[in-house]
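Trainee: Chains B and G are the protein sequences, given in the same order.
Sequence positions in the first sequence follow numbering that gives the first Met the number 0 and run 0 to 545.
Sequence positions in the second sequence follow numbering that gives the first Met the number 0 and run 0 to 447.
Keep in mind the hints are simulated off the structure, nothing from the lab.
All C-beta atoms in this analysis are idealised placements derived from N, C-alpha and C, irrespective of residue type, glycine included.
Wrong hints could be hidden among the right ones.
Below are the DSSO-like pairs computed for lysine-lysine, each with C-alpha atoms no more than 27 Å apart in a straight line [what the hints assert, rightly or not]:
(1) G:K218 <-> B:K292
(2) B:K163 <-> G:K62
(3) B:K133 <-> G:K138
(4) G:K260 <-> B:K130
(5) B:K54 <-> B:K400
(6) G:K305 <-> G:K412
(7) B:K280 <-> G:K259
(8) B:K155 <-> B:K292
(9) B:K79 <-> G:K63
(10) G:K139 <-> B:K133
(11) G:K260 <-> B:K481
(12) B:K130 <-> G:K119
(13) G:K10 <-> G:K260
(14) G:K259 <-> B:K481
(15) B:K126 <-> G:K138
(16) G:K259 <-> B:K179
(17) B:K280 <-> G:K260
(18) B:K79 <-> G:K62
(19) G:K224 <-> B:K481
(20) G:K218 <-> B:K336
(21) B:K163 <-> G:K305
Example chain G residues on the side facing chain B (calculated, C-beta under 7 Å, incomplete) [to be verified]:
(22) R37
(23) S42
(24) G47
(25) L87
Computed Cβ-Cβ distance ranges for the label pairs, DEER-style [unchecked claim]:
(26) B:G99 <-> G:M98: 48 to 58 Å
(27) B:D28 <-> G:E115: 20 to 30 Å
(28) G:N70 <-> B:D38: 18 to 28 Å
(29) B:N395 <-> G:D181: 50 to 60 Å
(30) B:L37 <-> G:R215: 50 to 60 Å
(31) B:E270 <-> G:K197: 55 to 65 Å
(32) G:M98 <-> B:E270: 33 to 43 Å
(33) B:E270 <-> G:R215: 55 to 65 Å
(34) B:E270 <-> G:D181: 52 to 62 Å
(35) G:P122 <-> B:N341: 43 to 53 Å
(36) B:G57 <-> G:D181: 37 to 47 Å
(37) G:T121 <-> B:E401: 33 to 43 Å
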Amino acid sequence: MKRRDFIQLAGMSAGALALPFSSYANDVDIAHMLTPLLDTSQKKQLADVALNTAKGLGATYTDVRIGRYLNQFVTTRERKVQGVTNTESFGVGIRVIANGTWGFAASNNVTPDGIKKTTERAVAIAKANSKFQKEPVKLATTPSYGEVSWKTPIVKNGFEVPVKEKVDLLLAANAKALEKGASFVNSIMFLVNEQKYFASSEGSYIDQDIHRTWPNFQVSMVDRQSGSFKTRAAFSAPVGMGYEYLDGKSEDKIAGPGGIVLYNKSYDMIEDATMAAEQAKQMIAAKSVEPGKYDLMLEPSHLWLTIHESVGHPTELDRVLGYEANFAGTSFLTLDKWKTKNFKFGSEIVNFVADKTQVGSLGNVGYDDEGVKCKSWDLIKDGVLVNYQAIRDQVNIIDQKESHGCCYSQSWSDVQFQRMANVSLQPGKQPLTPDQMVSGIEKGIYIVKDGSFSIDQQRYNFQFGGVLFFEIKNGKIEGMLKDVAYQANTQEFWNSCSQICDERDYRMNGAFNDGKGQPSQSNAVSHGSATARFNGVNVINTGRTI
Amino acid sequence: MAILSKEETKKILEKVIGFSKADGIEANLNGNDGGNIRYARNSVSTSGEDSNVSLNVQSYFGKKVGNASINEFDDASLEKVVRRSEELAKLAPENPEFMEPLAQQTYGAEPKTFIESTAKITPEYRAQAAADSILPASKKDITAAGFLEDSRGFGSLMNNKGAFAYNKSTGVDFTVTMRSNDGTGSGWVARNFNDVSKLNTAEASAIAMEKALQSRNAKAIEPGKYTVILEPNAAADLLGLMLFAMNARQADEGRSFLSKKGGGTKLGEKIVDERVNIYTDPWHEEVPTGNWAGNGLARKRMDLIKNGTVANMIYDRYWASQKNTEPTPFPGNRIMEGGTASIEDMIKDTKRGVLVTRFWYIRAVDPQTLLYTGLTRDGTFYIENGKIKHPIKNFRFNESPIIMLNNLETLGKQMRVASGGGPGGGGSSLIPAVKIRDFTFSSLSDAV
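Just chain B, same shape as in the assembly (with noise of 0.2 Å):
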């Protein structure tokens, strides 16, 4: 499959989301991208070039991204084999602060003689730009790493599994879903790998070996006669892990509602898929909601997108100070709140972590693109909002000394900028299961699995669907819900949360492709919470006839 008709397959299915391609990514083979370009000495003596040009030419502070970004991609529709795509995109990105104005320039030229062309252009840019500039940037400190590297704590590098065993699974876990009775089935291996080298005028040299793992299917099922069909999403999350995610480990597997299994820290692909066959048609068949008030038990794989959109975006502080308005927009969390440091964003039991080092998270990395070593800290304290996600040149408007480092860019063509941090719900204090949590629920809806979103530019309105929805009647889960999605205020949202259940529910979800920015860019993030309990949340119903 060519590139653009992959885009077309998965912005289809996957919605108006940016995607994480770079325009300069060209298909090459396995073996290519098995073999190492440069050495990290080599990379260095590159770098140096652009830091020495830039200092020659008046910049007073250099960073230099050197990359190499690995895609693959296997796609299959019931017993069709409809691609497999193999990328790779190298180059490199530099940054320069030149009369107290940014400038960036990027080239797939990685040679002594481009990169010093490159580090040309962007101090000339920045030059140009210094006119409209009202302040210098000020860049918070940040300590010399020297020469490090860091690298995802892999087990099994998804590259080197041979494409056939990759084929057999999707293969086989569209066979399962077919014997059981789907109309149609897609399904999807997704493979990254960043090769990361960052160097800077201060000192540090840092090399990075990041991965990401996503297997993906949507089962449909279709009845003709009544003319609806539904599509039941995988259960699987896209991670910061190598193939291991794919041994579907017994101990990672967790009962849910109704009869279902959910997936932990790894994922059996072939058993969900032959379950999703049997819950599409229980969609179908599903009562339509009643439209009302309920009290809502939100699944980890569905609460990671409300976090995602309703606590992870509104605390990122390029938002809330203006740079998104024309674009993402901007943030109802405002300064002003944050500084009568007793906002009550949420319940008491609420709190918010932003994370970077959270081991299988798709943000985990050690070091972030603009060289500051990642770390985690509050952003929502027993209720309140204590601080925002903020970046080297952001962080003196929160009075603040030490970035974030939450600073990232999708590829060395682009610039980089504040992106979202995993931000995870914490589990309850008090132990709970989610069994125990049911029983105490008169009216209520179990939530499974993140399906329609939207929400407005400063993140007050929010609108969630989902994919299985189960009734909750006097402490008992009754049968299936269709048509449901809930509305709510961000703010009144969270402080209904009233129950969350502790650690040993606790699971991450997210996304590859969270789009910000213009041009627009993708971040991967996952957002970890365990069940938790929302009362009289407003559900609608959203069934129509056309």
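Got chain B; can you put chain G on it based on the hints?
Mentor: Just chain G, lined up with the frame of chain B:
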């Protein structure tokens, strides 16, 4: 070297095809020079330029297909990329849906998609365009945030069956959001052209500033069903989603809004108001686009909705071969016939309604009914007795473009709007403002 001429691309592609030892080969040679400037908080935040030419080669043996690409164009590199695609094809699993390349197609006249003035945009032009937006804002207690992106590029295709296609184009996209410094008002304007001489960022910014000032201190009104006047950008967002979903295979498979209860599709059936006519035409003067689609199929004028009836669905080549019908080139533009009413005329004619500047964060809720949710943004006003009464708080909607086009009251004047994907990238549309009755707003948002 980003913009290669037809002759230059032909020469390179002929060499590529000549190196083939496979059953067949198809190659695409594409290039793009782009530039952008972004500003926020009344100051330029980022700007940059990029340039790329890339050759993608697809070789096949039977139904085994391999793709390889490269951005070097000496003879040795060209041969290397062909060999690599052949090696990948030999290793690839069979793709039963693979279609051999097309024979030579007859393409109509070259549409006027390439405009010299746009191709010559400089960093100084971009900086001035941003300044023309920022400076008036800073004088009026308003904060400007905007983005200007321009591109000039070419695309070409050749295969061993004799097909050769070439097109070059330019485009410029401009969007600006103006926010009043008290945080209660916001206005937005978008412009999209092939020809940058039609773009005036000061004029566009003045409209956005006016909307920001007029939308301050919005009042809340009850959600419910309202008559709405959708400006062309708002209408285009929902219509574009409908047109993108007109895939024939999904309709035949029973998983589309065009699938019929009991089997079959709605092709030839009336699905919306009979005044709705939507078509594609690469040679339309306002929204010219390439005269061939990415797979080499010749584009032509084609109806999508004719007098409210589904006139065509989009068949890819494989599905067309299964259904014994002609494949459909993917439309490069979309034109909806409009009327003569201005937005002011439509307001005068409205007893009680809502004027919508744009929608935001539209996502599918149910693909079966094409139900979408999203919100109004950057200028939403209450209309009473033929006049704009006051700004109102934004609404969340849950609505299907099918239901909406069945509730059509008035077609207004057309305007060119971007269809997404950057300048020229996603094609452009010519869409009228529309007045719709019983549009479903389901909740209020405090967002400005």
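Trainee: What hints, given by number in increasing order, does this structure fail?
Mentor: 4, 8, 13, 21, 27, 29
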